[in-house]
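Novice: Each chain, written out:
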Amino acid sequence: MNLGFDSEQLRVLNWRATNRDIAAVVGPPGCGKTTVGSALAVKMIAETLATKVLLVAYTNAAANEFCLELCDILGSKVAKSLCLRTGNPTGVDPSIPIPFSRSANEIKEKRIIISTNLSLKKLPALSFDNMIIDEAGVERLEHLLWPFWFGVNKSQVEEYKSRYDTRGDGDGDGNTQIPFKINDLIELISQCGTVATVVGDPKQSRPISPMRVDYSAIEWVIKKSTCDTLRISHRLPDLLSGLVNEFAGYDGLRSAPEISSRRLVLECSPDIEYREIIQPDEVTTWVDINGEEQPIGPSSWANNMEAKACAKICSHLVRITRSKSIAIITRFKAQKLTIMRYLQRMGYRDIKVTTTTGALGTQADIVLFSLTRNNPERNVGAAGTLQDLNVAISRSKEKLIILGNFDMMSNGWSGGGGGASAGNKYQYKSSARKLARLIDLKYGRVVDAPQMIIC
Amino acid sequence: MGDLIVRDLYKTISHAQKTHLVQSKEIATSCVCPYLFKMSYPFGVVGGERDYVIANTVHDAISLASPTAILENWQQGKTQNDFERIAKSIDKDSEDILQKAIANSKSRVKMEGKTPLLETFDFEVQDRFHGLLIGLAKRVMKKYPQPKRAVTEITITNVAEVQEGRIDAIFEFKDDRYGLVEWKTNDVKRASGSGVDRWQLIANFLLTNYRYTGDENNWNRCLFGSVIYYEGAYFPRLPLSEEWLSKVKKDRKFAHEILCGERPHAQKPPFCPVCDRDGESRSDCRFYREDSKQALLGNLPVDYANIRRLLLRRRYLVLDERAETHKHKFVINTIIDRLGEANALQELEKTGVINSGYRIHSINANSVTLVKKYYNDDEATLTLLEPRKIVRIIGKEDNGIPLLACVNEKGFVREVDDTKLIVDFDGNTIAERAKTQLRNLPIIIIPDEINLTRRVLEPMHRFHRLAADIMLPPEFFLGVQNNESGF
Ligand code: SF4
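From first to last, the protein sequence lines stand for chains A and B.
The first sequence finishes on residue 455 if you use this note's numbering, and the numbering steps up by one all the way, no holes.
The second sequence finishes on residue 1487 if you use this note's numbering, and the numbering steps up by one all the way, no holes.
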């Protein structure tokens, strides 16, 4: 099977199709995690390496992406006969040709089942001999354990247990009779027959304990199993893949040759005030803006000036790039809602505004990223986490515009419980510093916010 | 200043205590057997999948009939014929309600791909409904005059006592006293005066006292409480015995401590009345008791002990997360205590935690449209409401009823803008109920969550048992039937 996959994707496909264990595939932004996951499922069924494959994603949107990808690879007709989407019917994209069902009989008949993690519990008692789990968005270990449970091989477990029955010495000395050592949960799951490929990216995923410092789910799998990394991005042009590679430390992420030199093409030239910001040759532009941050709700932040500027830039972009997709990303829900409010008032209801969590798995031609935080203590807080910054800067195919106070970010602190002053021993230098430095010195340009967009 | 008080409180409140709330149902379970509660939390053992479609349908219907047909046909009969006549006239006036509830359940079963309902479904729903009405007429209506109001399916949260519960129905009488009613819809058996039904009723008494007096120990407004079952009712005599009340409070504390990750002493009942009819403990229970004992004695092999520890630690993290979902209620309650209700609501609104100033504009099949009574762009604070967010819609009642004890419904935000909010409910019944209970009241919106804790804990239970099955020789758990890892 070779349907235009790159060399790294082919390597991973061959490796995972022939190995029967639990392993991780790290997919940096744009490297085709969904494509590889879907292709792997198809390859295993096509080459009779597996009889029943489960494809699991955390969100309905990501599960729908798997379905679309399967339709692309197999063609609608074959995808219809081989695959089945199950779970919560309200989250299913009705335009996808793959049928939806929750009926046990239909699920048993099909070869590739696509579901979200949380809907798995409602599946009939089935066992899958292979599974592909998209880790994006998984913020709890338990969300990985459910799919793993569906891979446990009943007869394998029975066989292990029968060893005790035949031993019969009953000395209670605590020695296990299984012919291997189990050191951790992943090994236990693996020894019970679960074969799974977990695709994800530790540089984009959040920790699995929301209130504590912890591994992300993919890091947990990487730590306990084998792992390979994809390194060709089909989304990010050269200057962005370089920025993301250095910022997140991917160790060799590069753009696919056909998109490497891709730049924003405008239908007409921008108004003079926007010219520096929208400049197509500069893939990344940082708009230095000094808006005031405002606490909203239990822990969120908004920044009116930045929100207004985002909306204005967006409005101009819509006028000069009619066919381009635009997305606005921010770390904070309150800022997302503030930006949406401005856009709504300007009549733009369709522009995607999302938080970094919601941005996982999405992409757009042009991305605006509002940093939001701005305070004399230079406390960047959660806006300065590597994973969040990385997600935000790696969604764009042609142009990335960052809005925020450059001085604040290049000297920012994170940690220390939010409002702590400088010198707090729990504070550490925020990753925003590195991002600001890389953009300023190597991968982009910092421009002052023109008066026109901040008034 | 409000912003800071509220935000600081969000930061600091969990340091002072874990923001857990114990549900009345969970208190009742602990009262029956502390291990039964521990099976659910922290272990994540899920009981046999029982089908509650009939029970839920009857519940839906009777919750809508209570403030309408039941209230209107309330009569003090004397003979069996009278009770039959009263029940029949309520049946007649609720026909529409019952048919809608049946139709809703059928379409839900179809949509969720569940096993199709039996042909007798309609009959069973109607029969159970009728049986409950006979029970109500025979035992409650006979004794008490027609109430002036009925509120149904209301969630009451008493933060100070860390308790929350959903009350089936409260009848309010002219002399300002109330009668609490629980419907036993899951079968046609008697409600047990010694088991879970009694304890749940008592736990709910505490919440209802709180609703009407602000104090769970103030019984001045309480007229009666009853569990209505098929053609009968369980009526504990008031005042309730001190022994029962203190048991409920003690077991509430026990459940709370377990949720907080502490290790209160649990006493197994002398024989096991709940899990097995013959008094035998159930396998999962014996397993976990033995597992803890062997761990305490240091007898477990290191590899298994490590996996066990990991799975237990993760369970408590899941419980911590459950506590986080209740944090809003703790903050709201604390601010109200500090500033008084009116000021507190202003501060909470300014910070964007709650949203007030709405009134109900219209209620459709399964959604409600709320509009702002007054909107001023300059003064408006940003609302944190957004599509798919779960909210509690509270109808603010008068008479000093605490905010978190007022009538309310839970729903999902579908659409929101500066002046309008559309909330979807999980079914037509809730929308119908909202129409009766929330209309004409000032509306306050607070953030809420759905409780998925047991679903999240379950895989940990399964892998825990699997690990024991594979990694431990059977001698470890003599008497615990192995082969219980869920296959
Ligand atoms: S088996 Fe007995 S001790 Fe265990 S939960 Fe059931 S009633 Fe309680």
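What the hints contain is simulated information worked out from the structure, not anything from laboratory work.
Don't take each hint at face value.
Calculated cross-link-like contacts (lysine-lysine; reagent style DSS-like; alpha-carbon spacing at most 25 Å) [said to hold, decoys possible]:
no., chain 1, residue 1, chain 2, residue 2
1, A, LYS122, B, LYS1110
2, B, LYS1389, A, LYS352
3, B, LYS1293, A, LYS161
4, A, LYS121, B, LYS1114
5, B, LYS1092, A, LYS122
6, B, LYS1110, A, LYS110
7, B, LYS1435, B, LYS1092
8, A, LYS110, B, LYS1114
9, B, LYS1106, A, LYS121
10, B, LYS1293, A, LYS429
11, A, LYS121, A, LYS110
12, A, LYS161, A, LYS181
13, B, LYS1174, A, LYS122
14, A, LYS308, B, LYS1106
15, A, LYS108, B, LYS1389
16, B, LYS1148, B, LYS1174
17, A, LYS121, B, LYS1110
18, B, LYS1148, A, LYS122
19, B, LYS1253, A, LYS121
20, A, LYS122, B, LYS1410
Novice: Work down the list of hints and note, for each, if the structure agrees.
Specialist: Hint by hint, here is what the structure shows:
1. At most 25 Å may separate the alpha-carbon atoms for a hinted pair to count; LYS122/A and LYS1110/B meet this at roughly 15 Å.
2. Proximity of LYS1389/B to LYS352/A is assessed by CA-CA distance (about 18 Å); at most 25 Å being required, the pair is judged to hold.
3. Restraint check: the Cα-Cα separation between LYS1293/B and LYS161/A comes to about 23 Å, which is no more than 25 Å; the hinted pair holds.
4. Distance hint between LYS121/A and LYS1114/B is fulfilled; the C-alpha atoms sit about 14 Å from each other, no more than 25 Å.
5. Straight-line distance between C-alpha atoms of LYS1092/B and LYS122/A comes to about 38 Å, which puts the hinted pair past the 25 Å bound.
6. A hinted pair counts as satisfied when its Cα atoms are at most 25 Å apart, and LYS1110/B with LYS110/A qualifies at roughly 21 Å.
7. With a C-alpha separation of about 21 Å, the suggested pair LYS1435/B and LYS1092/B falls inside the 25 Å cut-off, and the hint holds.
8. A hinted pair counts as satisfied when its Cα atoms are at most 25 Å apart, and LYS110/A with LYS1114/B qualifies at roughly 19 Å.
9. Straight-line distance between C-alpha atoms of LYS1106/B and LYS121/A comes to about 22 Å, which keeps the hinted pair within the 25 Å bound.
10. For a cut-off of 25 Å, the pair hint linking LYS1293/B to LYS429/A is broken: about 47 Å separates their Cα positions.
11. As the CA atoms of LYS121/A and LYS110/A are separated by approximately 18 Å, the hinted pair is consistent with the 25 Å bound.
12. Distance hint between LYS161/A and LYS181/A is fulfilled; the C-alpha atoms sit about 15 Å from each other, no more than 25 Å.
13. Simply put, LYS1174/B and LYS122/A have alpha-carbon atoms about 48 Å apart, too far for the 25 Å limit, and the pair is violated.
14. For the hint linking LYS308/A to LYS1106/B, the alpha-carbon distance of about 49 Å lies beyond 25 Å, and the restraint is violated.
15. Taking the CA atoms of LYS108/A and LYS1389/B, the gap is about 34 Å. The hint is violated against a cut of 25 Å.
16. With a C-alpha separation of about 6 Å, the suggested pair LYS1148/B and LYS1174/B falls inside the 25 Å cut-off, and the hint holds.
17. Only pairs whose Cα atoms come within 25 Å are accepted, and LYS121/A paired with LYS1110/B is accepted, the gap being roughly 18 Å.
18. A C-alpha spacing of about 44 Å is found between LYS1148/B and LYS122/A, which places the hinted pair above 25 Å, so the restraint is violated.
19. As the CA atoms of LYS1253/B and LYS121/A are separated by approximately 31 Å, the hinted pair breaks the 25 Å bound.
20. With a CA separation close to 23 Å, the supplied pair LYS122/A and LYS1410/B stays within the 25 Å bound.
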